[in-house]
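Participant: Protein chains in written order, with our numbering: chain F, 1 to 92; chain C, 1 to 202.
Among these hints, one or two may not hold up.
[Unchecked claim] Simulated restraints on C-beta separations: (1) C:A25 x F:R83: 40 to 50 Å; (2) C:A122 x F:S84: 45 to 55 Å; (3) F:R11 x C:A14: 19 to 29 Å; (4) F:A24 x C:D16: 17 to 27 Å; (5) C:A129 x F:A24: 16 to 26 Å.
[Stated by the list, open to error] Covered stretches of chain C, as calculated for chain F (at least 3 residues, CB under 8 Å): (6) 14-21; (7) 46-56; (8) 120-126.
These aren't lab readings, by the way, just hints derived from the structure by calculation. Ideal Cβ positions, reconstructed from N, Cα and C, are used throughout, including at glycine.
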Amino acid sequence: MAEAREPRGMRRADLAAFLESVYASQERELLCSEFAEALPAYVDWVAAGRVEPADPRFAAVAHHARQCPECGEACEALLAIVRSGPPPASNG
Amino acid sequence: MDPGDAAWLQALRADDEGAWARLRAEVCTGLRRWLRAQADAGAAPDSLVDDATQETLLTVRAKLDAFRGDSRLTTWVYRIAVNALLGELRRRRWQRQRSLEGDEDVRAWPLLDAGPDPERAAAQRELWATVRRLLDEALTPHQRAILVAHVFERRPLDVVAAEAGLSRDAAYKVIHDARRKLRAALLARGLAPEDVRRVLAG
Chain F
1 MAEAREPRGM
11 RRADLAAFLE
21 SVYASQEREL
31 LCSEFAEALP
41 AYVDWVAAGR
51 VEPADPRFAA
61 VAHHARQCPE
71 CGEACEALLA
81 IVRSGPPPAS
91 NG
Chain C
1 MDPGDAAWLQ
11 ALRADDEGAW
21 ARLRAEVCTG
31 LRRWLRAQAD
41 AGAAPDSLVD
51 DATQETLLTV
61 RAKLDAFRGD
71 SRLTTWVYRI
81 AVNALLGELR
91 RRRWQRQRSL
101 EGDEDVRAWP
111 LLDAGPDPER
121 AAAQRELWAT
131 VRRLLDEALT
141 PHQRAILVAH
151 VFERRPLDVV
161 AAEAGLSRDA
171 AYKVIHDARR
181 KLRAALLARG
191 LAPEDVRRVL
201 AG
């Protein structure tokens with residue numbers, strides 16, 4: 001038997017998230033390819049729990065991860081994989 | 001660069017079989033472990049990781065000279081692998097979702113879960129009506145189509161970009177420009193972020 005079609009509509013949480021991204025939009029933001037290039041260094045920095053000194057690009061990377069859900073998902077996935085792997089010292 | 005990474009990189013560049021086998025094992029193990037932890041892992045066949053691993057190794061081989069050493073080598077490779085795996089997972093999710101949904105225009109969508117308080121619910125519906133009106137008034141048809149397809153209908157950005165004949169970056173820029181226009185239009189109507197949060201909170 002075919003599955004029933006879901007009603008189309010807007011959920012409040014989705015509308016709130018969309019409007020947050022609208023208000024948070026900045027004049028200049030990283031494009032997805034710029035984000036992808038900077039992501040590995042950012043993830044290593046986050047995984048290492050370091051606070052300073054931060055690459056000035058990292059604020060823009062974190063912002064893009066919030067504004068672009070797909071890139072945010074990639075960031076979370078990469079962080080999870082890096083955290084579940086061996087520490088740098090054993091990687092030789 | 002980490003000395004271990006430098007040696008590994010040198011071996012990969014020299015096409016050392018063991019170095020490539022180790023990279024394949026790293027990628028495959030990491031992707032499989034991550035996928036197992038995902039809610040929709042059951043819907044993903046084992047071949048998905050194998051295919052993503054294969055695609056990753058081909059990309060790494062082509063781009064190895066672009067690795068600058070500002071991250072661990074494995075993190076750089078995993079970024080490519082995550083991109084390959086998530087791209088395929090999104091396409092599969094979208095195909096499943098599309099088969100279950102109607103094709104009503106977003107401008108006809110109701111607010112599905114307005115709050116229990118009648119006055120607050122009316123304000124929430126009015127806000128959603130304003131947003132839908134601004135999609136028409138503030139955006140070009142091109143901006144509206146790209147934004148609606150990706151943000152509201154949740155079509156993967158790579159799919160939206162391909163359908164529009166754009167690169168992913170160009171499609172993202174269209175969405176960014178649309179957000180900037182909507183932001184200006186909302187603020188011009190006196191709708192500040194804190195007002196919107198208050199309306200949608202309860």
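Participant: Compare the structure with each hint and give your call.
Facilitator: Okay, the hints, checked on the actual structure:
1. C:A25 x F:R83: 40 to 50 Å: The hint (40 to 50 Å, Cβ to Cβ) is violated, given that A25 of chain C and R83 of chain F are roughly 19 Å apart.
2. C:A122 x F:S84: 45 to 55 Å: 48 Å, holds
3. F:R11 x C:A14: 19 to 29 Å: 54 Å, violated
4. F:A24 x C:D16: 17 to 27 Å: 46 Å, violated
5. C:A129 x F:A24: 16 to 26 Å: 23 Å, holds
6. 14-21: violated (count 0)
7. 46-56: violated (count 0)
8. 120-126: Violated, because only 1 residues of the segment 120-126 of chain C bring their Cβ atoms closer than 8 Å to Cβ atoms of chain F.
The structure is inconsistent with the numbered hints 1, 3, 4, 6, 7 and 8, although it conforms to all the rest.
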